[in-house]
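A.B. asks: Next come the chains, spelled out residue by residue.
There are 4 protein chains.
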Amino acid sequence: MSKDTHSKALEGLEEVKGVRIGQHTSVDELVVGLRGCAFGAGRLAKAVDIYEEMLVEETTKFIGIAGALVPAGMRPILADMIRERYVDVVVTTGANLVHDIIEALGEHHYMSSDAAASGGGAVVDDVLLRKQGIDRIYDVVVHDEAFAHLEDFLRTVFEQLDHKRYSIRELLTAIGENLSDRNSILRSAVDSDVPVFCPAIADSMIGLHAWIYKQAGALEVDAFDDTRELIDLFCEAKRTGAIILGGGVPKNFIFQSALIAPRKDGQEGLDYAIQITTKTPEDGSLSGATLEEAKSWGKIGENAKAVTVYCDATIALPIIVAAVRERMERIRINERPSKG
Amino acid sequence: MSKDTHSKALEGLEEVKGVRIGQHTSVDELVVGLRGCAFGAGRLAKAVDIYEEMLVEETTKFIGIAGALVPAGMRPILADMIRERYVDVVVTTGANLVHDIIEALGEHHYMSSDAAASGGGAVVDDVLLRKQGIDRIYDVVVHDEAFAHLEDFLRTVFEQLDHKRYSIRELLTAIGENLSDRNSILRSAVDSDVPVFCPAIADSMIGLHAWIYKQAGALEVDAFDDTRELIDLFCEAKRTGAIILGGGVPKNFIFQSALIAPRKDGQEGLDYAIQITTKTPEDGSLSGATLEEAKSWGKIGENAKAVTVYCDATIALPIIVAAVRERMERIRINERPSKG
Amino acid sequence: MSKDTHSKALEGLEEVKGVRIGQHTSVDELVVGLRGCAFGAGRLAKAVDIYEEMLVEETTKFIGIAGALVPAGMRPILADMIRERYVDVVVTTGANLVHDIIEALGEHHYMSSDAAASGGGAVVDDVLLRKQGIDRIYDVVVHDEAFAHLEDFLRTVFEQLDHKRYSIRELLTAIGENLSDRNSILRSAVDSDVPVFCPAIADSMIGLHAWIYKQAGALEVDAFDDTRELIDLFCEAKRTGAIILGGGVPKNFIFQSALIAPRKDGQEGLDYAIQITTKTPEDGSLSGATLEEAKSWGKIGENAKAVTVYCDATIALPIIVAAVRERMERIRINERPSKG
Amino acid sequence: MSKDTHSKALEGLEEVKGVRIGQHTSVDELVVGLRGCAFGAGRLAKAVDIYEEMLVEETTKFIGIAGALVPAGMRPILADMIRERYVDVVVTTGANLVHDIIEALGEHHYMSSDAAASGGGAVVDDVLLRKQGIDRIYDVVVHDEAFAHLEDFLRTVFEQLDHKRYSIRELLTAIGENLSDRNSILRSAVDSDVPVFCPAIADSMIGLHAWIYKQAGALEVDAFDDTRELIDLFCEAKRTGAIILGGGVPKNFIFQSALIAPRKDGQEGLDYAIQITTKTPEDGSLSGATLEEAKSWGKIGENAKAVTVYCDATIALPIIVAAVRERMERIRINERPSKG
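Residue numbers (the working numbering), protein chains in the order written: chain A, 1 to 340; chain B, 1 to 340; chain C, 1 to 340; chain D, 1 to 340.
If you're looking for bench data, these hints aren't it; they were derived computationally from the structure. Cβ coordinates follow ideal geometry from the N, Cα and C atoms, glycine included. Check each hint, because a few of them may be wrong.
[What the hints assert, rightly or not] Below 25 Å or equal to it, Euclidean Cα-Cα: the simulated SDA-like pairs (lysine to any residue) are:
{"hint": "1", "chain 1": "A", "residue 1": "Lys131", "chain 2": "B", "residue 2": "Gly298"}
{"hint": "2", "chain 1": "A", "residue 1": "Lys8", "chain 2": "D", "residue 2": "Glu145"}
{"hint": "3", "chain 1": "A", "residue 1": "Lys264", "chain 2": "B", "residue 2": "Trp211"}
{"hint": "4", "chain 1": "A", "residue 1": "Lys17", "chain 2": "D", "residue 2": "Asp125"}
{"hint": "5", "chain 1": "A", "residue 1": "Lys164", "chain 2": "B", "residue 2": "Asp162"}
{"hint": "6", "chain 1": "C", "residue 1": "Lys17", "chain 2": "B", "residue 2": "Glu145"}
[Said to hold, decoys possible] According to the in silico footprint, chain D covers these stretches of chain B (three or more CB under 8 Å from chain D):
{"hint": "7", "region": "38-45"}
{"hint": "8", "region": "282-291"}
[What the hints assert, rightly or not] Here are some chain B residues the structure puts well away from chain C; computed CB gaps all over 12 Å:
{"hint": "9", "residue": "Arg20"}
{"hint": "10", "residue": "Thr59"}
{"hint": "11", "residue": "Lys164"}
{"hint": "12", "residue": "Trp211"}
{"hint": "13", "residue": "Ile231"}
For reference, chain A alone in the conformation it holds in the complex (with noise of 0.2 Å):
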């Protein structure tokens, strides 16, 4: 084969470019390096990119937030997100407003034995632990005390509440409304007008008091009231883009949302989405589903940048979140006005 062929046949392909790190790198240069790079590097990359695009276009942001990312340390990012708006619309699992709330109430999380990092996940004895008190969730514990801490407030919010009926995101605001912390997803999304979707609430702690609660207080939450503000969002959005941290059902209310959705413009499907999972395709779930696969159904849009990231969300969403926060302080102070 004669060096044309060989040229041609790569035509229009760009070269891997090796990535080097200085002596004091900033997140966002360090992920301007690995845009050159292939497999999860030059994913992650191309996350930011379409993250900033997102901020910089007028778009309407959806979160998808599942996994046990509040026990392990990412609240303050996702409040930050919320309250500044890198996110506008929250849809999540009731497990990370349980521990949300716990938090905000001035409980905490605590590292489980050290012996975790080396790689196994069970070096500790639950069944001690059971007798403790003390919940795990892989490397993190939590104390039985901060449950009984969060039934006491949610019976007190439930008590306060009118005697009409709520949505499940009437309901969430109205607890966010109780809550005075700022590093707080709900009060975050109170003080800056974002809703969140819960449509598997049942299944949590917070369901399970509102049923208590029920069996002798007044309180009426629908089962599908939600839907008709989720769709609203996508049809009232100029652009839409979805960040899907783990998948589950915030992934899948998204993208039927995104779906169903008719559009002032007569496109169909999110026009942006950053999928971050560890989860991969090959048994069919949907977690790992592709978002090649979200365009044959039309949940994405058939020119939509799309990308998926496949890393443990509480490395991959610090590292995005950096990077894009520091391209948009630095567009912010490139628009500002010169003084004279």
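Please arrange chains B, C and D on chain A, whose structure you already have, making use of the hints.
C.D. replies: Here is chains B, C and D on its own, set in the frame of chain A:
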């Protein structure tokens, strides 16, 4: 180190007994052969032993179904398990019920391009599929028209409903009563008096069409009303066991109910648990959380028999069911009174 | 969209046919039932079909063995596969051969603490094990003394060697000739004239003891001398097939040889390939690389029949072998000339 | 349970401290922020702390490189680590060296079709690539011509060799001496006096061309001769540490040597170990084996500092190196004698 010390350190441990394959082996003969093996093989064998004990002892058996098991062809197995009371309570995702109804209405799922089998997941052109009205789930496809059929059916069901308030479980029973396919999960559940729970039903086409119907018609579905029924099932049980396929909301909902339901005998948590999952625990997500971890919460009892099989459920489930059926049939024959 | 369009878009695709489990099912009956299923189930069934064709057609069958399959109890299956020429050439890691020899010497592997089964991998105290002279491989343990026994045996073997230069394959044959256990991989290979290759033998206790022996005695083992023999096996084959268990060096060595060996028929690459792995392709590692990717290199032929089963090999291998044996036995019976 | 009991059970545990992202964050500032987090984030931070200690203390640092890190763009990072003695000994696969040489010869790797980024791994047509002479490694491609170039180069190197017997390490040094690219792993290793080991070199294009050369020319490479040099490196070390990227033969070869090398201080096993892998332990394979397990063998010392980061190495490695460089630069500046 002397032989004596050698022996002492290994005291009480069982030898790994290698497995040998005969020329015509029943599934259970194979599984029994795997009992002396380690890694996934040993766990698979243990899962069958635990399931057998669940069936022989008087156990209320919960199954959590997540992942696209119906599109993958597991529907007849699941329907038979319900029909023959190999399981007594179902907790599932909305998606599996949607695809169950679609098949019950005579629509089909199809195998996608053969190329996927070599190991890639997306060798098809999803944008083209979109144009053809074909929706992809890994290596399975389904046509948009199946969903149109679903919509018509659900509207008919909703129109027939009394104007009372429904729990999600009751709504699913009403849907099942309108299906006539013996292979249907929902129909089998109606026929066998097995309750089907789906806490995240809003996150499915059933939820969407329920919401659309509500815009004009009357339909009240409370988000929390299922809780009592599920808890009662735990309270009334002599023993409880769970088969968890794939994690997600079904896993958590079963475990949460197991945790809070007061037991007659003062014990807490499930007595048996089998988990089949491809998700591992390292990123702290619920779907990969170990059953040991669940003991720290009291979701699984201190002395419970529990095993996790790290395997695609479309492989492990048929094997486990086939092996257990073989054992139950053997027990049935042995128990049959001899003539004369 | 009309029914006609609907039909057209799905033309040529096969329906997913759900599987149902009978009361006494042979392994192959189960596997045949999985043929119409998707995800892992369909791939497992396809692997059996491909293996059957490899056995029926005149195919030189290479097996790549990585992962601790011998400690896990897969040794008798592997030995039988060699002995009955279900495989014709073995490429493996040093570790599997070390553990094969240890068992052939009468030593055993033991199941570690039962607790591992609930899903954790490291509920044992590894520092304590160290003090007891016990070495752990996930949920299997082996005593240090077994390695002392190995050392004595290997020294005896090395002392008997002629002072000629050995290829690694020849050294392994010499070791096999000194074992008398019919369940041994190395002994079965000697008895059945199946060559065993182990390119990374230096990375094993066999390599280590060979090096120690060389300090005083004479032993020449060339790093590259196996290449011709392996390439010749490809060149002389009518058809070639590979069964890849777990990736690593054995996978690459088989694929590399398949790539460079000139074929009589001018074709290139393997005609059949079955890969059983738990590693997925997303991080670009060889063990997870798809068989499609191997076609771009010419390692697998353009029209090859190839399938990857994403599964723990201790689960998938026994099923595949049991199903294929059942088919071969059926063929054998049918081919038997009828009397009279 | 009283507050006192609550406090007691959690005694000595550290609170999870959520991370917050500033507007311009250096990589190490981010990593320090992750120290109080759980799951992957906490482990990543711990890896940096351990690496820093390895660099500050007098430690012989081994790196095991498996997985296609060179094609992915990690080559300059690895070369710099060698050049600046962030690592002292390299153990790698043949493939990484092949691709290192190819790039040193001026050939390139290219990013494959963008579509891979959405999450699928094989949206390209590998049979077409084959026809174009293009070889694929996940989302990277390289042209066949690069391998022709490699062949010419290796032949030239082999022709220059003295006709003495070589260890694999010596052969790799000879190759490195013939490369002039400062970004090359092999060249950097020569320049910095860092030995490169590759026990499975026969399983690579280097091995293949060495064998071809041997058919006519004289070249003796012993399979076991590297052992002494590697063991001596352990014996002479004051402290030892390993950075394991991706498992495989490099991991085992380092660990095996650590196990058998007698230490001056009578201790055994590595003092530090950092493992970056996407493989988890559940199927018993070495690449996913925990570092705890390695303690049972004595490969890692009882009191060693060890952490596994479950992450794509193309993401974790650049972060760890950037953070550690920042720390070392800070230490260097602080240690600089002030003027006057």
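A.B. asks: Failing hints, ascending?
C.D. replies: Structure breaks hint 9 only.
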